[in-house]
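Chemist: These protein sequences, in sequence, are chains A and B. Add 4 to a position in the first sequence, counting from 1, and you land on the number used in my numbering. Add 4 to a position in the second sequence, counting from 1, and you land on the number used in my numbering.
Some hints here could point you the wrong way.
Treat identical chains as interchangeable: a pair holds within one or across any two.
In silico DSS-like links for lysine-lysine, alpha-carbon gap of 27 Å or less [stated by the list, open to error]:
#	residue 1	residue 2
1	364	15
2	37	23
3	80	61
4	286	255
5	368	80
If you are wondering where the hints come from, they were derived from the structure by calculation, not from laboratory data. It should be emphasised that the depicted structure is a prediction, and the values quoted were computed from it without experimental measurement.
Protein chains: 2
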Amino acid sequence: MNIEEELKGYKGKALDVLKRINAKVGDLIRVRKNGIIFEGILIPRSEYGDDEHVVLKIKSGYNVGIRVTHTTQIEKIGVGAKPAFAPPPLPMQREGLPKVVIVSTGGTIASRVDYRTGAVRPALTANDLYSVVPELAEIAQIEAKILFSLFSENITPKHWRRIAEDTAQHINRGVDGVVIAHGTDTMGYTAAALSFALQNLPVPVILVGAQRSADRPSSDAATNLIGAVKAAAYAPFAEVALSMHADFSDKTILLHKGTKVRKCHTSRRDTFRSVNAEALAKLELETGEITMLTKEFNKRNSGRKLALKPKFEDRVALVKFYPGMGSGVIDWYVDSGFRGIVLEGTGLGHVGNLCFDGVKRAIKQGVIVAMTSQCIWGRVNMNVYYQGRDLLAIGVIPLEDMLPETALVKLMWILGQTSDVEEAKALLTRNIAGEFSPRTLPEKVGE
Amino acid sequence: MNIEEELKGYKGKALDVLKRINAKVGDLIRVRKNGIIFEGILIPRSEYGDDEHVVLKIKSGYNVGIRVTHTTQIEKIGVGAKPAFAPPPLPMQREGLPKVVIVSTGGTIASRVDYRTGAVRPALTANDLYSVVPELAEIAQIEAKILFSLFSENITPKHWRRIAEDTAQHINRGVDGVVIAHGTDTMGYTAAALSFALQNLPVPVILVGAQRSADRPSSDAATNLIGAVKAAAYAPFAEVALSMHADFSDKTILLHKGTKVRKCHTSRRDTFRSVNAEALAKLELETGEITMLTKEFNKRNSGRKLALKPKFEDRVALVKFYPGMGSGVIDWYVDSGFRGIVLEGTGLGHVGNLCFDGVKRAIKQGVIVAMTSQCIWGRVNMNVYYQGRDLLAIGVIPLEDMLPETALVKLMWILGQTSDVEEAKALLTRNIAGEFSPRTLPEKVGE
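In isolation and in its complexed conformation, chain A is listed as follows:
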């Protein structure tokens, strides 16, 4: 390995300085600058990086970029070690326990940073899992497999299909539950996608992620995974659910219905919230006790025959309205062959007059245009104001209390099932996977 490979991504001035002190990626480095001392492990830079900064992973787990100037003092204080994760021997599988498959798609929960190469390494071989969470062997007979190793912003409708097909295959050979490890960023979208693609479930399908990777002191990866495996193995429901921390304690996990859940904080461990619905259930980590929080759910029944409907149409867009937005962007989507547009309108479901021509033209050309609210909470009601009534009359379909993200996924799924516009519209307003909550009584609306 030549020095450029050992200093991956570094160039110019920063590369010169690091060469001078004979540093390699993975070494412990100390930098003094303007009276501040940074100590951390030298990590590689992205190919787009400039030639002026060195980047250290400091003890808290955060990365700090320090610009090298002529007053910067830099020294090597330790040599990089090989990653210290020696997997323990695989524990004995206990015969009587339920069978759970963990399918990894990537994301923080499945990652462990190799500081030497800077690569994010998927940790979900069965061996790796037990090295991080040995308790799993007490809960279920675990089989682990890697489907992809993707950050979740790169998960697309094509990946939803593969996850659905893979999950169906495990269910059809008789496992007691499936856990899908997934990046949290778009886990809500994937949870909705699987809710539509996997119907008539016999056993639970539990999505799980982490807000901090397992190599960070405050990681929630292990507790989330334990919660997800317990739910997959023992929950009384057969639903697509998303399993994450209920709060800041490490005691309670909430299981959210896949069509009603949304990531609502960039970094908190209780980032996922059920919107316009109660969570499906809660799970106490210590005792494993699962309490249902909703009355209506599909009960676990291993004899039930799964209905797999994994196709999605990716020419469907989510368009958030903003003040001054015109018809141009809607026209572009229509002209580009998109078959559906979910609008994230204001309030009860409005967009400005400047969008009306675009919306009319889209609908005239057979594009399905549906309305959700950027308020996120509450229910669209397009009958209250003229603007809404006009949009209804033009043919915009109001989606009640459905999340904009779920609406996008549902329309992608519907247009994967049918090319008939009228049939698609009818499916859009039919409750298929709990995406609509029952309407609040009129006198209670909003209060």
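Since the structure of chain A is already known, use the hints to place chain B on it.
Modeler: For chain B alone, coordinates are given in the frame of chain A:
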């Protein structure tokens, strides 16, 4: 007036039925259908309406559309009355009280439905105001004017400019506070716009709306308006703030900082929330007591000279990322001459690989691309994952904990002030109107 005008918007079968019973818009109608009886005032239909429904405003204030079939029984049970809002004589202005201007831009708070014509009538002449909220005369010397009568989804950057200029004119002639009545749908965007356009304020500028119009039993219009006028007249701060109910009681009003506030429910009266910040202050309606909830605020000082910077560039877009989104829509914005794009990315500030080419090309062509999070709560941090670091290296500007809506408005405002890209970028990351909250201490991030 011929019968078609008296039955505005009705056609075909519905028109025939209404003609037969000699009904006019505004009449009290009773309809029996499938064993249900509806009684209400006949209201006009939109031009896009079908020819099968009659629409009644029932006692609760809701509109109900009833499809007329051969089994529908319909009768007229009362004749339409003229609107019963006889304005009282204008109360004496009390000399010693502070001077407050109420500027109406439209929206629910300023509307009263004239059931006869179906038109939404702006109620904000001084006389009309006192007829609805006579208490105002006890609080301040009120001057009321109508600037526009728009539903707020039709408020654009051009309107922000006019509101700012009008407000500045009132402030410059020495009023003690300005109240801006506004539709709630985009009131958060306008609050942010005024926060940037009106700098170095001597007195408060208070935006106020209502979730229910004054003619509905549960209207919050009067209490919100009283709260806003009290704040404009007596608050110790000179800030752009948004004044709405704190909760379901009619006791407390929260005053939210204009750059940190967002509509978070389609219909609740406490729909507005301060995001990633405490509210500025709370106001007890009964006593008028105002308690500051934040330490840092601009104090009221009538001697201070307002700095008016009212220009906005409307070729700036807000683009919410969704799974599978490609570069095409970004390319379209660039090719259409847009000068800025605010991305609403996932989690800590990511978009998928499929968008990278579009983002690179946009930045290469001098378009400013900034990153916010669709999580809404929390702070983007693009240093944690490769995907974020790559986007930073390409030149995407991370906007910390700024709301996506505020970011859009800020970039529109900046590009109204300067055409220099580097200066614009520098302004974007500088805290101008409290749009950034101080960073949480590292060990507390997210927990």
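Chemist: For each hint, tell me whether it holds in the structure or not.
Modeler: Each hint, compared with the structure:
Only between protomers do residue 364 and residue 15 lie at most 27 Å apart by alpha-carbon distance; the minimum there is 21 Å, versus 53 Å within a single protomer. Taking identical chains as interchangeable, the C-alpha atoms of residue 37 and residue 23 lie at most 27 Å apart only when both belong to the same chain, with a minimum of 19 Å there against 86 Å between chains. For the identical chains of this complex, residue 80 and residue 61 are intra-copy neighbours only, at 14 Å inside a copy versus 78 Å across copies, given an alpha-carbon limit of 27 Å. Taking CA atoms no more than 27 Å apart as the test, residue 286 paired with residue 255 passes inside one copy only; the shortest distance there is 10 Å, against 35 Å between copies.
Taking the shortest alpha-carbon separations for residue 368 and residue 80, neither the intra-copy value of 67 Å nor the inter-copy value of 37 Å comes in at or below 27 Å.
This entry does not satisfy hint 5, going by the numbered hints stated previously; all others are met.
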